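Q: We have chain A; now place chain B onto it with these hints.
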Amino acid sequence: MDGIGTRPETKAPDWRRVAAIATPLLLLSLLPLYATFGASAYEQRVIIVLGIDIMLVLSLNLFNGFTGVFSLGHVGFMALGAYGSAILSMPVAHKAINLPELPAWLAGVELGFLPSILTAGLLAAVVAVVIGLPVLRLSGHYVAVATLSFLVIVRVVLINATPFTRGSRTFFGTPAYTSVWWVYAWVLITIYIAWRILRSPYGRAMLAQREDRVAALAVGVNVLRTRMLPFVLSAFLTAVAGALWGHYILSFSPNAFYFTETFAIITMLVVGGMGSISGSVVGTVLIVLLTETLRELERGFDLGFVQVPPLYGLSQILMAVAFISVLIFRREGLLGNTEINFMRLFSKRERTADKNE
Amino acid sequence: MKTKALMLGTVLALGALGTLASAQAAETIKIGGAFNLTGELSSLDVPAANGAKLALKEINAAGGVNGKKVELIMRDGKTDPATVANITTQLIESDKVLAIIGFTDSDSALAAGPLCQRAGIPFITAGATSPKLPAQVGNMMFLAPFGDNVQAAVGAEFAVKNFGKSAYLLWDKGTEYTTLLADYFKKRFAELGGTLVLEDTYQFGDKDFSAQIAKVKSLPKQPDFYYISAMPDDIGTTVKQFREAGITGPIVGGDGYDTPLLVQVAGAAADNTYFTTHALMDADNGSPAVKKFMAAYKAEFGHEVENAFAALGYDTMRLIVDAVRRAGSNDGKAIAKAIEATQGFPGVAGELNYSASAHVPRKGVTMIAVKGGKFTLGAEMVPEKVPAP
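Top to bottom, those sequences are chains A and B. Numbered per the numbering used here, the first sequence spans residues -12 to 344. Numbered per the numbering used here, the second sequence spans residues 677 to 1065.
Hint data in this document are derived by calculation from the structure and do not stem from the laboratory. Fair warning: this is a prediction, and the values are worked out from it, not measured in the lab. All C-beta atoms in this analysis are idealised placements derived from N, C-alpha and C, irrespective of residue type, glycine included. Just so you know, nobody snuck in bad clues.
Ranges of calculated distance between the beta carbons of each label pair, as one might list FRET restraints:
| no. | chain 1 | residue 1 | chain 2 | residue 2 | range |
| --- | --- | --- | --- | --- | --- |
| 1 | A | Ile311 | B | Ala1010 | 48 to 54 Å |
| 2 | A | Gly95 | B | Ala1010 | 41 to 47 Å |
| 3 | B | Ala738 | A | Leu276 | 39 to 45 Å |
| 4 | B | Ala975 | A | Ser27 | 36 to 42 Å |
| 5 | A | Glu88 | B | Ala738 | 50 to 56 Å |
| 6 | B | Lys974 | A | Ser27 | 39 to 45 Å |
| 7 | B | Gly881 | A | Val293 | 39 to 45 Å |
| 8 | B | Ala866 | A | Gly95 | 28 to 34 Å |
| 9 | A | Leu276 | B | Gly1004 | 39 to 45 Å |
| 10 | B | Pro896 | A | Leu298 | 56 to 62 Å |
| 11 | A | Arg124 | B | Leu872 | 46 to 52 Å |
| 12 | A | Leu175 | B | Lys744 | 45 to 51 Å |
Okay, chain A solo, but in the shape it has when bound (with noise of 0.2 Å):
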């Protein structure tokens, strides 16, 4: 077992755990780098798209697969997330044209990127706080209830809220900052920021509640507290993920965040295997590789010898089809609870000593 939260026995010398740590990282960064030069301007909006799934999949992940209380509600915060930082960071001249009825203690304001998106991410936090306090006492399938309330009502707030949002109707004229290099230091930062918890005794207490609540709370872990950390955090990271969405997407409407995004996280989540890091960037690009192949092969296309119609709504189809394959032939996704151990590519010892434990 290479399970999280367990450490190799043997110290590996310097230069592998360099390696090891390294080695993620250069992959990850080839994809920015990728589309920074060489790319076309279509791969590099799947390259963005990709890296702001990737940290939707991860933040969504430190809660559900860490804790294993399912929410269903966090692309509320993503939409917190969009909403927020998209009226902070809108010059003041288009404010006035865009959002005529904005509050003047809003419409004056005019933030950069980095401070409306924190600020934004903030907002969620706080939200979070306001809504764990009662929801996270719950359990299991009550959690995952309460969180798709909470997502019904960020949805009638938006549509309300015309002043701010213009209701239903399209959100436009967001500044567009989002570039491939701010999304991938956002993507770097959730994948630390998710690491470090995990490996530290705040993350250990939260495995062992999902494990066994009640023996957990036998040895003293205050349920509440752990699940509501993780909460809170992923809440942030969500919503920095919509503000980079919509800084990205530039106009959208409150039905871009309800239950289709949902499920799209959720789709990936699962795949690549809830509780584990490795697991959501693998779900993440392969979900969104075989999209966007499928995508094009629906068009219909010439083999030479046989002439293929298109076919428009397949790749809907063959995504689901692979979805169902995943849930039988693995049911705890791509990776389940491991990780992919960088650390075993540069030490034949290592394996064994892992077999051992």
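A: Okay, now just chain B, sitting in the frame of chain A:
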């Protein structure tokens, strides 16, 4: 391990196929077709896309344009803003299209428009009716249909002339289209000296209108007519419930009513309903252009025209090809100039006129009256005054 290898193999194979698929080249005039062929908007976008395909076939049968065949590169936006942005980029970058046509809603048009604007490629929306789009996006953005301000003005003028000066207004606050339509109606109606006896709202997807109906019933005196700004999915249910509650006065609305659902769901109750739309899609009573189009559509796709969006898609495709012909160049700016210079272009859904300052065509509006479960021509009108976008 075997499963993993299998999966990897599949992905690679699919990727190779994808590259094969995109490896096609020929000397053609390439036009991008960006439509939501799947998802919630497909009931409007598929007819529009079919209309465009039909126009393409006719254009190529007539020898293409400037001695070249025309190619319509169709991509599916899946009613998802991120995918809409992706396919627009692909059309511009990978397919190198001269111009893009498509979409029937302003959400998608707003996602695609700015990308076209940045690339300097003209974008004509086949069905989005928000007159604010050109101001929001820029000088590469054009509308094929009239703006909501125009149809709302016609609705108000027609109703005041024929029914009277007191009205009830109900609108769906869930979509851009129904919100704008209700807004413009209110403006024009007030100018005409009308009074709203009651204004009420509902949310897209509501199926029960008993609360709204109870308020109408409790009015001391019923208004001369009822203006309901609704989406195609809701309108049948709304009209049916109003009629069942004993409200018999004329119901007036916009092009969202232009769906077979109105008569299918409401049945005989749909009588005495009036709505503004792009053209009367009726094989018996329509204009000669409509009859010809309907026959060709049926021959091509094997079923009747679903709604006026098919005609709009057809017009849009013909308009862009005509503009490319007149521009005589592949330059986006020149094509946009040619669209702006369009005067008296005969479309199935009305004559098209543009200018540098008007990227929303000045078009006549068709008023349809539902009688005996059938759409009949109520009036062909140009509004006397149009509210500012």
